[in-house]
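**Student:** Here the protein sequences line up with chains A, B and C, keeping their order. When we follow the numbering used here, the leftmost residue of the first sequence carries the number 1, and every step to the right adds one. When we follow the numbering used here, the leftmost residue of the second sequence carries the number 278, and every step to the right adds one. When we follow the numbering used here, the leftmost residue of the third sequence carries the number 595, and every step to the right adds one.
Because the hints were derived from the structure by calculation, they are not lab data. Some hints could be false.
DSS-like cross-link-like pairs, simulated, lysine-lysine; straight-line CA separation at most 30 Å [unchecked claim]:
#1 B/399 to A/193
#2 A/193 to B/504
#3 C/796 to C/1009
#4 B/504 to B/399
#5 C/1013 to C/1032
#6 C/663 to C/768
The structure displayed is predicted, hence computed values, not measured ones.
The lines below spell out each chain.
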Amino acid sequence: MPMTSALRRTARYLVLLALALVFVTPLAWMVVTSLKDYPDAQRIPPSWLPDPVSGYGYEQILGNSANPVLRWFVNSMLAATLHALLVLVTAATAGYALARLRFRGRKVGFALIVATLFIPPTSLIIPNFLVVDSLGWIDTLTVVVVPGAASAFGVFFLRQFFLSLPRELEEAAVLDGANQWQIFIRVVLPLSKPALATLAVLSFLTNWNDFLWPIFVLFSPEQLTLPPGLGLLQGAYVTDYPVIMAGAVLASVPVLVLFVLAQRYVIQGVSRSGLKG
Amino acid sequence: MADVIEAGAARTDAPPPAARPYRAGGSGRFTPYLFLAPYLLVFGVFGLLPIVLGIWLSLHQWDFQLPNRPFVGLANYAELFSSDSAIYSDWWQAVRATAIFTVASVPLLVTVPLGLALLLNKAFPGRTFFRAVYFAPYVVGVAVIGVLWRFLLDANLGLVNRVAGVFGLPADTPWLTGMPWAWISLVGVTVWWTCGFNAVIYLAGLQDIPPELYEAATMDGAGTWDKFRNVTLPGLRPVLLFVVTTTVLASANMFGQSFLITQGAPGTETRTVVWYIVQEGLRDNDAGRAAAMSVVFALLLALVSVANFRLFRYRED
Amino acid sequence: MMHSEMSRRRLLGLGVGLGAAATLTLAGCGGGDDKESTASGNGGKEYTGPKVDLNLWNGFTGGDGDIFKNLVEQFNTEHANIAVSVATYRWEDYYAKLPGAVSSGNGPDIAVMHMDQLATFAARGVITELDDVAKALELTDSDFAPTVWQGGLYRDKRYGIPLDMHPLGFYYNKAVMQSAGLDPNKPPLTKDEYTAALTELKKSGVQGFWVSPFQFTGGMTFYSLLHQWGGTLFDAEVAKATFNSDPAVEACTWLVDMIKQGHSPANVGQDADYLALKSGKNAFNWNGIWQINDLKKSADVQWGVAPLPQIGSRPAAWANSHNFTIVKQRSANANEVAGSKVFINWLSQHSLDWAAGGQVPARKAVREDAGFKALTEVGALAPELDYAAFPPAAPGIGEALLTFYQSFNEATLGKKSPKQALDDGAAKATKQLEDNRKKYGN
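So that you can see chain A by itself, here it is in the shape it has in the complex (with noise of 0.2 Å):
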């Protein structure tokens, strides 16, 4: 008995580790460009590693005072965060009330915001454009936040995972006597960590990788996210991988970091005792 469950220990992470290698090797391409000088990366065949290896592209983003940066990073840091935080609020509100509470036009306000998933994002982009310029929206933090959060993803994710939450700890309150909001605050949620920070890491991401929105309506230098700001560092005509992969190495590894952090809350879900039936 040890023996196979040692083989199929074994077996498992060969498995693992070859799909590893399909999902890394392309990215461990982006980090070795990174890393090269700028003849280097245009070598044909290209060279497996960097030779020399060369700070280059990293020079080229952090080294000119001219370029802010930091600021992009900032700036995008604080709207892809409020922007989540915006999204849990919403759609953990809107999410609950869809799937466990009984109210008049509970059928068709949820096939509704449904509906709104099929039109193409960017096809709404002239339209929300018109509504955040009447807000006097431009220009600021709050337009690469807000808008964004309309979207029906993350209620439409909530309310399936509260669906499949079973009752009976929820039953439980209401017989303890305790309202909706309770029931909500320290029951549902707590249980729903999984999905919480599932949909946190996925809104933050969404936000954190726009690139058409803030084009349109993000004007100043200063007032810039990281992708619209990381495309002014390319030369009009020529592809410069080296400034390229940099630029995503550094975008990346704060993403990475935080979905890692946010992992603990998605494995604690799974200790969920006193449920049997």
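With chain A's structure known, arrange chains B and C on it following the hints.
**Tutor:** Positioned in the frame of chain A, the structure of chains B and C alone reads:
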């Protein structure tokens, strides 16, 4: 449609069965609306209002700056269906491209991440590391993914063909400019890039399945496959419906990959609907026409999605 | 008339109460004021009014932008009462972003634009007429190359003051030529020399002329050849696409045959032609003048640049030009307009420094300056100015140009024969032109 959506929530065999929504003690009649208020506020202003504005735009020849923005009725819609208009062939070409990509990518994007999630759901040392590795590509923005793969997949200079040559495979596959290779590349890159997205959703969903169910199944002598069919799949059903729906929509909205990697080549065969909408609305300054396309496209997607919801309802009946 | 237009818009706005539509209409009509605005200015000779802050937008990202910013700084120190600040966006975002910015009051005072965009933005009322600048500064086509100067006109009115021109040039890898037994200091100049050189290169195992199916650079190469064969993309009124004419099909066939004859691999990717030139896998590449500075960054590449060889019956080269324009404001400020004109005039005269950024100055006096003659490589392409084939000035032309490039893509990738691809493309482009004439009124 509400009924159809509701059906996705039904769990036939996972105890305790979902009851009808209830009204608990100690809350007023308006409590549900208070719960909805924050979202509805954002949704109304930045969701519904822009949609209404968009429909209004679609009835006009509309441009930010054109001094004259006449009301044109349904002309923008008629163009899409009249074979002698300037955009007819491009529009349907884009619809076709989008359909091909969606049909080819959705099955993979639904199943592969599920496999990954199941692999990663068990407790074992290094689990977080592997989760991060599989999620990592999605952390990188599409602009970089595009440049990266365009370089790797270049027919004459790229590393992929080079490696293929080393293994004795054809070393001149036109990954980006020939058919069906361009589609294979776009689907492949998309699966690689966004697998982690659906995998973490599945992972979160798997946490909601009570471990007791697996224990009970084990005691009944169920094998791995039986447990997957009778415990995992039913338990994931609401999440699965969510994943399928959002993946269909995400694939139908594909734009960055083909814009950057194949650049629409060959010809305009890989130019998608959303790309075309962006081009008409934002580059060629015809927001009215772009809005009309968006409305027609949304209706097409709604049609597909209703079919999708029905499928989920009837499969287990 | 403006008022009734406004109220109609309000009504059509479904009572959304945003007022956005109304504001936008206002912006669109704001142009009427700038006749008066010239009262306090004198077309750009000098500005003596109170201090003005001006915003300038350009698409000069990366290294080009630094050169431009230095010029602006120099201007600012020389002009106590004008302060210009520069914002840079990538060209592909720039044009999409500008209309929204202008209509929301976030637009610049001065915008740099490609020549083929001028008509579109003029027709849409985004930019203002500059005839008085030309008149006050006594600028005529003899101060510029006629081809460039004419390109700034739309419906006989001037909207752009040209800064530079950037043509397609002929780049060759000297090391590759040498190893094929060719004289690296005598690049081929004619069709016969060109094909003979390619044959020699082929013998030495080099595919010497990679034909890219994409606009950069294959499409622009075809654009040049089409004009060399005596064809045009559109008829004189820009009402009909003519890029399926016999000369056009012949030019396209000649280029596509490079692949059939083994002088180019099939399926050349974006940038692959140029990367192959740099790494010695390709000998010849027709590429933009902007690559001169890029090649200078790669010390180990031995390269040369010359005007395009004449393959067809006459010399011709794809070219475009950066132009200065003045943007209409929601509320026109005469001082700002006057200051903008001073800036444009000053920068145009100081465009020699800009030439170091890898562009041919539009202004003749600057081209004849000894300083410009010292810029050997950029100077090598200056003769192309006489026969440069600039895109026509017609609003919305970008769409039809895109169709042109897509047709070439299909022909190069073997999806269609050159004739079929160009016939299909021209039919579509003609419809697009028709649409544009309806939209912009003609």
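**Student:** State for each hint whether it applies.
**Tutor:** Hints and how they fare:
1. B/399 to A/193: holds (18 Å)
2. A/193 to B/504: holds (25 Å)
3. C/796 to C/1009: holds (26 Å)
4. B/504 to B/399: The hint holds at about 14 Å.
5. C/1013 to C/1032: holds (29 Å)
6. C/663 to C/768: With Cα atoms ~35 Å apart, residue 663 of chain C and residue 768 of chain C exceed 30 Å; violated.
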